[in-house]
Amino acid sequence: MNLKEFRFHKEHDWVRVDGDVGTFGITDYAQETLGDIVYVELPAEGETLTAGEPYAEVESVKAVSEIFAPVSGSVVEFNQVAIDAPEIINESPYEHGWLVRVKLSNRTELDELMTAEEYEAMLAQTEE
Amino acid sequence: MKNNSRTTPLHHRHLAAGARMTEFGGWNMPLVYSSILTEHMQVRRRCGLFDVSHMGRFAVTGGDAEASLAKLIPTDLSHLAINQAVYTAFLNEQGGIRDDLIIYRRPDGYLLVVNAGNRIKDWEWVTNHLLPGAQAVDNTSDSCLLALQGPLAFQVLAELSASASGAEAPAGIPHFACAEGVVADIPVLFMHTGYTGEDGVEIMVNSAGIEGLWDALLAVDSPGTVLPCGLGARDTLRLEAALPLHGQDIDETTLPYEARLGRIVNLDKGRFIGCEALTAAHATGPQRLLVGLVAEGRSLLRHQDRILIGGEAVGCVTSGSFSPVLRRPIALGYVPSSHAEVDTEVEVESRGRRLQARIVPRPFYRRGVTPLPPET
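Taken in sequence, the protein lines are chains A and B.
Last residue of the first sequence: 617 (our numbering), numbering continuous.
Last residue of the second sequence: 406 (our numbering), numbering continuous.
Some hints here could point you the wrong way.
[Claimed, not checked] Partner residues are not named here, just some residues of chain B that face chain A (Cβ under 8 Å, in silico):
| no. | residue |
| --- | --- |
| 1 | G48 |
| 2 | V62 |
| 3 | S65 |
| 4 | I66 |
| 5 | L67 |
| 6 | N113 |
| 7 | Q114 |
| 8 | W153 |
| 9 | V156 |
| 10 | H333 |
| 11 | R336 |
Hint data in this document are derived by calculation from the structure and do not stem from the laboratory.
Backbone N, C-alpha and C define an ideal beta-carbon position, used for all residues, glycine too.
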């Protein structure tokens, strides 16, 4: 896993693009903040997601959090492992804890997102 | 951290251990050190150490101590032997629960342990009702309270006591009793009580010795025997044990009978505040009852979600979370007493959705009876 291949949305979501398909997930910071994740609701295949809009819900012992789509597209696959064993998102937020794969409908939206360095800088700023 | 919130003498230990802190009852307290689920199962399987110094601690002494307290609680104190303890509540005139507390009888009077968020209110209540021959002292600031909870708690204490000079092993303290002792050369008061549904002790100690005691308890021989645990796990542990939390499951509008706390009420023991209201309530029977709920699905039931029966809103969830032992969402809430039977199907309206749930026996977890999930 190389975070250089990832792009980040300010709501602590990431996308990794491979061809015309983007994999979505939540960042390490997001899983750390939520704590133990016990329930995930993901969109079905074929559903259309819009950049900046919520598409999934993640519940931890402490809180419920909406998950935002970093870019637009239609769902081609969701992560059944994350549904069956949501703790995978805590354990491996950038790899095995991915949420959905999406066929991107507007690649120019990727330009609006942050690089790993920019995202880290944003986190450093919020922590100050 | 808010400027006006207090910290315990162990604050730096918590920060050094990497705790995520939270505001609770006017205190800045550890919420979680590693993960709530990990800490929860640590207490169920081995042993967890909690700093609960935010709990209020009052000493009530003098010849009129018993008579003063007797007016404030529905429980009969007259048979409480020295070093025995009792769970009870302060009530208002309407019989509602102002706070729930544990009273320990000591050689020189009574020790009251009350909820952090109600400490100031309780202090006024107690001091306003003291008879001339009774005195009260708020010891919250110059003492600390730890909770060592889990199946290995007494083993851990035995190990530490054995190494101390003039040690007293606490193994023989009966449930709901207390005894003076020594642990890691520090004089303490052991109390065989807790708020986790697990066996264990609470340990009251002078603030001056607290860091040494904390370190000694975490340093027992085999690594991982004792781990620090935060208020997050304390909440899921007490919920699995169906122990009510004041301010959520019980409050000034809750009668003890509704909260299934009828055992703390003795209507024949002599007049107490709330006595008339409870006598009337006892005659009619409770209108609503606290029940345990388990959700059919995996989405959590949360505090203040509405409970529906037959499509009609009948009550509210008062505490809801995930049960790490049952691996299911569990909750406490109130329904009309006519619909409080076990196995009743209900719906819970949670963030616009209706979740299916069922009334189940409380507690959700019974020590030594409920099987634990396999360790991963």
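Consistency of the hints with the structure:
no.: 1; hint: G48; verdict: violated (11 Å)
no.: 2; hint: V62; verdict: holds (6 Å)
no.: 3; hint: S65; verdict: holds (5 Å)
no.: 4; hint: I66; verdict: holds (5 Å)
no.: 5; hint: L67; verdict: holds (4 Å)
no.: 6; hint: N113; verdict: violated (37 Å)
no.: 7; hint: Q114; verdict: violated (36 Å)
no.: 8; hint: W153; verdict: violated (31 Å)
no.: 9; hint: V156; verdict: violated (34 Å)
no.: 10; hint: H333; verdict: violated (12 Å)
no.: 11; hint: R336; verdict: violated (16 Å)
Hint compliance for this structure: hints 1, 6, 7, 8, 9, 10, 11 are broken, all remaining hints hold.
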